[in-house]
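Novice: With chain R held as given, fit chain F onto it using these hints.
Here's the letter readout for the chains.
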Amino acid sequence: MITSPPKRIFLQPEVVNSPVVENLKKNLPQVRFITKQETSAKEFVPSRTDLQVLKFKGRFIRSCPATKYYHCCGYVILHFGERCTIDCTYCILQAYWNQPCLRIFGNIDDMLSEVEEMLNSHRNTLFRIGTGEFTDSLLLDPWTGLSEILVPYFAGKDNAILELKTKTVFIERLKPLWHGGHTIVSWSLNAPNIVKSEESKAASISDRLLAAKKCTEWGYFLAFHFDPIFYFPGWKESYSMTLQQLFDTIPRDKIVYISLGSFRFMPELKREILKKRPRWKLASGEFVMSPDGKMRYFRDIRIELYKFFVSRIREFDPTLCVYLCMESGKVWKKAFGFHPGDKGGLPAMLDRAVKERMQVGTKCTQSASSLLLTKPQPENSCDFSTSKII
Amino acid sequence: MKELTLEYLHPDIIKEDDFFNISSHRMENTHKVLDEIGGILSPLWVLKTSNGIILVDGYSRFRWAKNRNISDIPCVIFPESTSTLDMLIKKVTSISLVRSFDIIEKANIVSRLYRFLSPAEIKERFFERLKIPKKPRMFKTLLKIVDMSEEILKYTEVLRDKAIMRLVWWDRNSMRAAFDMFLELKCSTNVQMEIIELIEDISRLREETPYFIINHKLKKIWADKGDFRLKTQKIRDTLKKELFPKLSEREKCFSSFIKGQKLPGNIKIEHPPFFEGDLWKISISFSEASELESYLEKLNDHHFIKALSKIID
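Top line first, the protein sequences correspond to chains R and F.
Residue numbering for the first sequence follows numbering that gives the first Met the number 0, beginning at 0 and increasing consecutively.
Residue numbering for the second sequence follows numbering that gives the first Met the number 0, beginning at 0 and increasing consecutively.
The following block holds chain R by itself, in its conformation from the complex (with noise of 0.2 Å):
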């Protein structure tokens, strides 16, 4: 794992009480802090290896950007940070944002009373809450402790969970935090030989499971992602590899869901990713325009590739729920044998997993998905075979 600590500390001045400032202080003494009352404009402008704290003025809370064609997990997006150092050669992010430096938000109250507003207000709805979609979720945690706050908060929320997505290993400040079962951990994984050529900074898989193990002992949930899942000659027994590894060392009941999304990515990517390798392979292939404006694998390849994982996982647990990120019905059916609305949609299917697993949010009767996505969702597969046309 090669991540170091930000090289300076920019701070805007609402933000210079706030407790992610005063533990990046406190956890980092040699580095300069920086606001913007102290400094020339033209001193004002961070790098890549900076670190921003600024005060977040839109909405801490947002839906998935899901799209009507393919089905959406209904997470609840935590907006708590951009950008991320890990550098992952596939990642999205390098298309996303125009900032070059980490960017956290310090106003830890506004976003916190967003969210008690959001939970208080719609107490019949189960809401699975994550940081980690526009950045490591615990990437800065051991200089921010933001953990520190998110995870007790939530642990005494019937209607929530907080699930912190990770490629890292900075797990050590969950160890003593009052989680009450209601925070999953959870770890994207990779075949190894991807994980070493384009994962290069992040833990190695053995550190990510060892550090997921751990967290199992301090009693929180686990959920894996295997997203961006990559056809590569013996991509088979290379995932195998890594599927046998995460059921060798963790224990089956922690798991609450495996998702499964295959590489996609909007075109500029590819042309960023390939100004940087030339020589890069991993977005060339069978990639097809998909509705939504993504470049997918042929849906045939990435039936193939669900296929296999799902029946391999199956092999190792049956009753586990793995579900596939964006993805449209038709490749559910080839994949699972059925389609998420089989099962009252994808939402209900991760509410359920929650519900029976965690036991949390069991009185719960309702999806956050139904508030909050706000794009329409594909509809229910039906049966062609016994429908007229007329």
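This list has only true hints and no planted wrong ones.
Away from chain F, derived, C-beta distances all over 12 Å, residues of chain R:
#, residue
1, 91
2, 199
3, 258
Label pairs and their calculated CB-CB ranges:
#, chain 1, residue 1, chain 2, residue 2, range
4, R, 275, F, 235, 25 to 35 Å
5, F, 17, R, 203, 53 to 63 Å
6, F, 215, R, 56, 57 to 67 Å
7, R, 232, F, 168, 19 to 29 Å
8, R, 88, F, 271, 24 to 34 Å
9, R, 112, F, 92, 57 to 67 Å
10, F, 31, R, 232, 50 to 60 Å
11, R, 233, F, 295, 49 to 59 Å
12, F, 268, R, 275, 42 to 52 Å
Derived by calculation from the structure, the hints in this document are not laboratory data.
Only a predicted model underlies this, so the values are computations on that prediction, with no experimental measurement involved.
For glycine and all other residues, C-beta sits at the position ideal for the given N, C-alpha and C.
Specialist: Here is chain F on its own, set in the frame of chain R:
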């Protein structure tokens, strides 16, 4: 502009300087125009320097006049106080008011400006005026074009700017092979770009050079003496089949399904682009209601629905 003078100068006292000669490849065309007109209508631009009088603008006219032993050429003389950079900018601005620059000229201008200005400054001050997209890598691309301009010039008739800008990043052998191929195919910009992208993807994936792909896998097709449209289509099909084997297989299945159904020619079935998404389409053209009824009956047939459902799934 008081210091400017207009004089008739003898060609022998005017010195050519490669720095200002940004359009040498257009000389032949200009000579044809001058032949038609029968003389120089607009004066040349020259700059007075301590080393003599340097030609700034009008290289083609100058040569044309020299070849015809014309002794008096009309020239606007710029004073010694005008810097070389200023002179270049004036020349570029003046031409840009009349016509657009071609890719070689753009590259030449940028490379000349680079002797005085930083890439960022050139991008900021001149790209828009020269109609150069402010894309990353563009500056380096133009310098590469200058470097290879002699080779590129032979192909500018058939190669589009977009394709040139992409191909100069290939290794020299691959670039030359691509030039030769496109000379034979004579296809549009979009098709050139599609072929280039397919070759690049296959090259990355198979770890083969574009040269190998063009000269070993495709040469039989493009070097053939047949119709260039058919050759282009064959090249595209071959490359697609290589890069998209599974998609090609599915497309083949779909075509055999359609053939197998023996549908009347008035019924067309289209799959969603790349079989992605749910937008399957059937179009029926008819002239009588009874005709439509019979087509709908055909489509409502149980066996047809069953076969279609298999293809859709």
